[in-house]
Amino acid sequence: MHDEAVVNMADVTVADAAANIRAYLRENMTAFKDVELHDEDNIFERGFFTSLFAMQLLHYVESTFDVEVPDDYIVLRNFSSVRRLADMVADLKSPSGE
Amino acid sequence: MSDVDPSEVIARARSFADTGLAPRAAEFDRDERLPADVVRTMAAEGFLGAAIPARWGGLGLDPLAYGELTEVIGKACASTRALLTVHTSIVAGTLVDLASKRLKEKYLPALARGERIACFALSEENAGSDAAAVTTTYTRKGDTFVLNGRKKWISFAGIADLFLVVASDHGTTSAFIVERDAPGVDTRPMSGFLGNRATHIAEVAFADVEVPAENLVAGVGAGFGFVVNTALLHGRYSIAWAGVALAQAALEEMCSYATRREQFGVKIGTQQLVQKMVADAVTNVAAARELCRRAGRFLAPRTADAAMETNIAKYFSSTIAQRATSDAVQVLGGNGCWSGFPAERLFREAKILEVIEGTSQLQQVMIADFGYKKYARKN
Ligand SMILES: Cc1cc2nc3c(=O)[nH]c(=O)nc-3n(C[C@H](O)[C@H](O)[C@H](O)COP(=O)(O)OP(=O)(O)OC[C@H]3O[C@@H](n4cnc5c(N)ncnc54)[C@H](O)[C@@H]3O)c2cc1C
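So the sequences go chain by chain: A and B.
Letter 75 of the first sequence, counting from 1, is numbered 75 in the UniProt record's numbering, and no numbers are missing.
Letter 243 of the second sequence, counting from 1, is numbered 243 in the UniProt record's numbering, and no numbers are missing.
I should point out that these hints are in silico values taken from the structure, not numbers from a laboratory.
Take these hints with a grain of salt, some might be off.
Heads up, incomplete: computed chain A residues facing chain B, CB under 10 Å, no partners named [what the hints assert, rightly or not]: (1) E27; (2) S51; (3) A54; (4) Y73; (5) L92.
Since this is a predicted model, take the numbers as computed values, not measurements.
From the three backbone atoms N, C-alpha and C, an ideal C-beta is built for every residue, glycine too.
Modelling step: build the complete structure from the supplied sequences, incorporating the hints.
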């Protein structure tokens with residue numbers, strides 16, 4: 001199970017965020033999708049996850065990285081791959097991000 | 001913080017349900033309309049803003065208290081409860097979670113006071129369970145979005161002032177608040193339903209309807225993954241409690257009847273085969289109510305597991321509501337099949353819950369996937 005610990009790094013690098021996100025996605029992939037996940041894969045288009053997962057992902061990002069995702073960031077595109085998620089987190093974590 | 005006392009709100013709801021709703025529910029069902037005075041009272045009592053935070057003018061009930069309110073209203077009248085489901089849970093709940101501050105300021109206070117009624121326009125002729133298949137379109141035009149298309153089965157569309165509409169632009173799904181009096185919006189009432197008959201269900205057509213850009217809910221492309229799922233999360237939580245409400249009502253009907261009705265010189269409630277139906281209803285109602293409370297506890301701080309816990313509660317409580325209401329009809333025999341008693345109406349209402357807000361089959365698919373992930377041994 002994913003623990004709810006907040007990632008405490010003041011400046012989360014894209015690589016740190018990506019590693020955490022990759023692990024979380026692997027744990028939560030739809031059953032019977034025993035495939036490799038690449039950082040650029042569109043996770044929703046490839047059917048790795050139910051659409052219900054988008055909401056879970058939003059909660060995960062906010063609670064794990066201690067950020068608030070502003071409403072204009074809530075677009076499926078920002079949540080659609082490890083890379084995009086990691087970029088969004090790094091953006092929200094950077095001093096000018098909020 | 002709200003200084004509202006939830007137990008006082010629920011006591012008021014119980015009083016209104018007992019005197020203003022339960023005695024009239026059969027008439028609403030027969031006439032296929034919810035009288036305006038019912039909507040006005042629900043608004044004046046603050047019930048239509050029950051789950052909206054106090055800062056937006058609502059009562060700010062937490063999910064557990066709001067669930068109990070839903071049960072109290074739903075036990076008396078399923079159509080009135082449906083107003084809570086679509087207006088308060090689905091539309092207001094989604095705006096609270098996802099809308100911009102500007103959009104919240106624009107609509108939430110009026111929704112909280114019940115001055116404006118809102119409904120949720122997702123389904124279409126060919127987009128039901130496969131909600132992502134919507135064909136209603138939007139295109140950007142300057143400071144507006146232009147909507148075209150047709151929605152079907154929209155509860156309260158007949159009387160609503162606002163529609164939360166889900167539309168697509170070449171596969172990118174977005175959601176908008178559309179006002180009823182916007183040029184190009186047209187509603188056509190639907191009738192002849194099994195249950196929820198007093199919910200003013202209608203088709204809604206959009207012909208070049210211009211919507212201000214600020215009425216977009218969350219971002220472009222948030223329509224399905226975020227807005228629809230948030231809306232359905234709130235809707236399913238409401239329907240889960242609606243199942244408890246109907247099953248509880250059915251339980252009371254069957255117990256009251258079985259302790260009075262005599263056949264073969266004894267009360268029918270002394271027959272073991274009748275006792276089985278009563279025992280199952282007692283047990284299932286208690287279990288369903290606890291699953292709803294459990295989902296409510298996951299929802300209060302909005303944990304990652306809230307959606308699945310809510311699916312489980314919705315699936316179980318709609319299933320047992322169908323069972324308990326069917327057994328109530330059975331215990332009442334001929335009277336159970338006749339509109340002079342509430343059992344047949346409860347039975348019809350319960351079936352609806354297995355279809356709306358994600359059918360039972362779709363819940364099974366999602367719950368099974370959750371089961372494999374959680375319970376399949378990894379080694
Ligand atoms: C009283 C009432 C009120 C409603 N109010 C609203 C409203 O306010 N707003 C709104 O947008 N919609 C509303 N609806 C529409 C409702 O949401 C849909 O009816 C519902 O989503 C089911 O879609 P469908 O009717 O197209 O059935 P379908 O999706 O065609 O399903 C038919 C059957 O096939 C099964 N099925 C479909 N796909 C699968 C699958 N992948 N796996 C297994 N089984 C499957 C279903 O479980 C079902 O048994 C309302 C409907 C009713 C009856």
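Starting from the hint list further up, note which numbers the structure goes against and sort them upward.
Hint 5 is the one this structure does not satisfy, whereas the remaining hints hold.
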